[in-house]
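> Residue numbers (my numbering), protein chains in the order written: chain A, 1 to 269; chain B, 270 to 585; chain C, 586 to 1055.
There is no bait here: all hints are sound.
Per the computed footprint, the stretches of chain C lying under chain A, defined by three or more beta-carbons under 8 Å from a beta-carbon of chain A, are:
(1) 681-689
(2) 706-718
(3) 828-840
These are calculated hints, taken from the structure and not from any lab test. The structure displayed is predicted, hence computed values, not measured ones. From the three backbone atoms N, C-alpha and C, an ideal C-beta is built for every residue, glycine too.
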Amino acid sequence: MWLTVDHQTRYTYAQPVRAVVQSHRLTPSAFDGQRLIDWEITVSDGVMGSRFRDGAGDQIQAWTVLGPVSEIVVRVRGTVETLDLAGVLRGHRETVAPQAYLRPTDATRADQAIAALAAQVAGTAGGLEQAHALAGAVADAIAYQPGTTHSRTTAAEAMAAGQGVCQDHAHVLIAAARHLGCPARYVSGYLQAGADGQAHEAAHAWAELWLSGLGWVGFDPANRCCPDARYIRLGSGMDAPDAAPIRGIARGVSREAMDVTVAVTASQQ
Amino acid sequence: MLSRTADNLYWLARYMERAETTARLLEVGARIALIPSAAGYRNEWDSLLRATGSADGFAARHADASQKNIETYLFFDHDNPSSVAACITRARENGRIVRTALTSQVWDALNTAFQELRSIESARRGVWELSRLTEWTMRHSAMVRGAIEATLLRDAGYDFLNLGYHLERADSTARLMDVKYYVLLPRADFVGTGLDNYQWTTLLRAMSAHRAFHWAYGGEVTAAKIADFLILNPQCPRALITCVQGLNTHLDRLTRAYRRTSTAQAQARVALAGLAEARVDEIFDEGLHEFLTRFIGDMALVGLAIHDSYLSGDMR
Amino acid sequence: MTAFFNEMYQGQQVRAPYAALGDWMQSMPAELRSLKQAEAEQLFRRIGITFAVYGEGGDPDRLIPFDMFPRVFTAGEWSRLERGIKQRAKALNAFLVDVYGRGEIVRAGRIPGNLVYQNAAYEKAVVGIKPPKGVYSHIVGIDLVRTGPDDFFVLEDNCRTPSGVSYMLENREIMMRMFPDLFRANRIEPVDNYPEILRRTLASVAPAKCKGDPTVVILTPGHFNSAYYEHSFLADLMGVELVEGQDLFVEGEFVWMRTTEGPRRVDVIYRRIDDAFIDPLCFRPDSMLGIPGLMDVYRSGGVSICSAPGAGVADDKAVYTFVPEMVRFYLGEEPLLQNVPTWQCGKADDLAHVLDKLPELVVKEVHGSGGYGMLVGPKSSKAEIEAFRARIVADPGNYIAQPTLALSTTPTFVNEGVAPRHVDLRPYCLVGESIELVPGGLTRVALKEGSLVVNSSQGGGVKDTWVLAE
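Same shape as in the complex, but just chain A:
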């Protein structure tokens, strides 16, 4: 499938800011399920900085804006050809050892409730089956309900609330998987919303679990499926902050407002 993305993030500042530094993970991952047709990232008043592929295989691009500016617009436009690999991250070049994804972070620490959730499925035969059961259990435990959680809600908090968005689903799944000794990580990307309105959130996130024999496999509890041709994978991390597509910092920030619009559409081939 060909997917076309138009993703715009607009930062506005109450007072002009200087020396803005951003680090982007906004280029689709290079693996068998994705092929770039064209892709362009622009940053208003931006100077392009370092560019490299990190150990997790993500394409990182740094930007700086000298300023003073009171607005910064980051715009991503492009087209990707995608294949449905049933969530398997085949042909992805990376060197970070899967074991490194066993360490809990503040956002993904398993509390008693998450441990109990993990215990439910611990009996299931290992590997793929167990992973599916776990993702299903997370989807059951947390109802999709936008606006009830925020960007810094932890897995334990979302679990207690019983509702949240894709970030919370991913965090809880990661926490539970790591609790069972299965390496897990957070993935950020895009999702083409279907005409039926079933799929949630165009700027999307899900989890990947390391399964022996298969390697990294994606699970999207929010949509009760594995990533398919409707998904574009950008990058991964230990948790949402670590995998953020845009990280930025500016000198002399008073108040920052952020406005994001994302459109992902299937285009004619």
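For this one, chain A is given, so just place chains B and C on it according to the hints.
Coordinates of chains B and C only, in the frame set by chain A:
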């Protein structure tokens, strides 16, 4: 040189000079208090506080402008950013940060002042009377200055120290004179009277310029002569023109060393040209207070330009 | 009572390295000695060398006691130590290159993967980076103790930013000023070229993108830090700028320094701040000390950071146990320096042994430093031991235990004259294009009689350390 290092050196100098200025103000006040005044003793001290820009800060802490309270506030109070104790502490802190940009003699002088200050602060109040406190401050200020002149490498750091000294001194001379004209003599009919001259003389004494003035001018003390001496006479070390010349000297040196001009240099040149052409009767025509206010504003702009040109680290 | 190895006397016999010091000691009457001691103290204060070693924190204006009696090694003793230290520094760096690359040592089953990859000091962000010359840890401080003429043990490795080297330099400087005759009578290897070797080492790992003479800086957390004196001292002797985070910024593909002449590119950063604070964009977002965007520049080869972020995984107390294994695995050699036998309380067998022998052992927290949070069994009361036992049982994985070592003693000036006191040694190994070790180090001495704790926060002092020329 790191911009922050230059900034630390510049402020080291400004704080040392400011400590001295505050001490001089204390001394002027003490002398003024010795002579009869229509408005009374209290007003003389108030005027001093206004000159340091700290009348509000004082009022917030002390109900009564007694000599003891003012001494507390201007010498000992660390919450008053212009107090001698606060200035010496901050000068020494700036020096500690850039310790390696100073010679051991300069550091010794700074550190000794700081260590002695601590022992003064821990002594019972009153053991050190006011005149001893002011003399102590001026002595240490001179020792630091002397160590800089005698031992420091003449590199950019030396220039930034001197920019701090000259700018602070230009500002403080202007403010000391403004105490005299702005506050002490609000009524025009006092100008030119014997009382007036006596107070002018006190001012000269407080600037350690009393004898120098007589050598330079002789005869009767007049307001015009004193204004000429403190504003336009390049022989007087605290004259406004001397300070502005100093600023120009060091900004020119930086321009040559860095092979690039700066806004600060352009502004300092304009200020110097203005003073070089000025005549004292014109200054009186404009009004001394108005002239000084304008001058203080100009110096603030030069300070801002020095910050933007060298110290902020944001220049390209 | 254990017999402690005395580095000066064997019975009535004076050992060779200390031959000249016997007379010197005799020739100094008590008054002269206290005069000299006062002079030394004054010199230290004048210079302003007041700080805590080894990141112990505390009062930054505190002076660490200086003992004038030098600690001496012969050329022969030193050359064996030197080979061992260099071997270890090399193996530690090979380990770092490996675990941030393919992790062969884990794949080969020579070290458990969880110790490495789940270690708090392991930085995922560094994986796949190839630092210039393959060096992660450029300044390796190896803490050694001696128990016999030929027996040296490594207590711990310091691969991040070992401190205290300014004491090594100042102690020597002050000894030479006060006792020039001693230096004429003994041929003592100089240490004062350390700053120059350090500068050369740092310059040798400049990034490939740097053409011409690299600009090296030292990055300090600021003048409130307890080791600020050392930072400014080294910057001064190396002739490089001492910068704080606010003095540096990232623009385009490089790191720049704010100077009075405009931005100047920086190629090598010898940082004396922790990983967590280095870049708020990558690590702790609340860090005011770091440089936003630094890690991206580093990861793309625009700047070198010494030591590399993540180097701490090699000096972890649990990883320490495996250093001899690293030497065998990477270098194919037998380790020349021994580890102290260590029990991991996290392992059930080890824990049982430790709890059984608690009164004889030294127990440390895995991530502790500065001699805090540790138990010295033989020096502790029953109540102290029992209290500590409870702590271990509550969180066994947090503790390791070692036998109480019979630390060697050297003569030390005390109130009553001269008496033996326990010492350790930290030499500083520099790793760049080549591996260098200046002949000397920092000797710490436990000034309290019988004490085995040399930390300055707990009554320790420092000594000049001599290596005699052949």
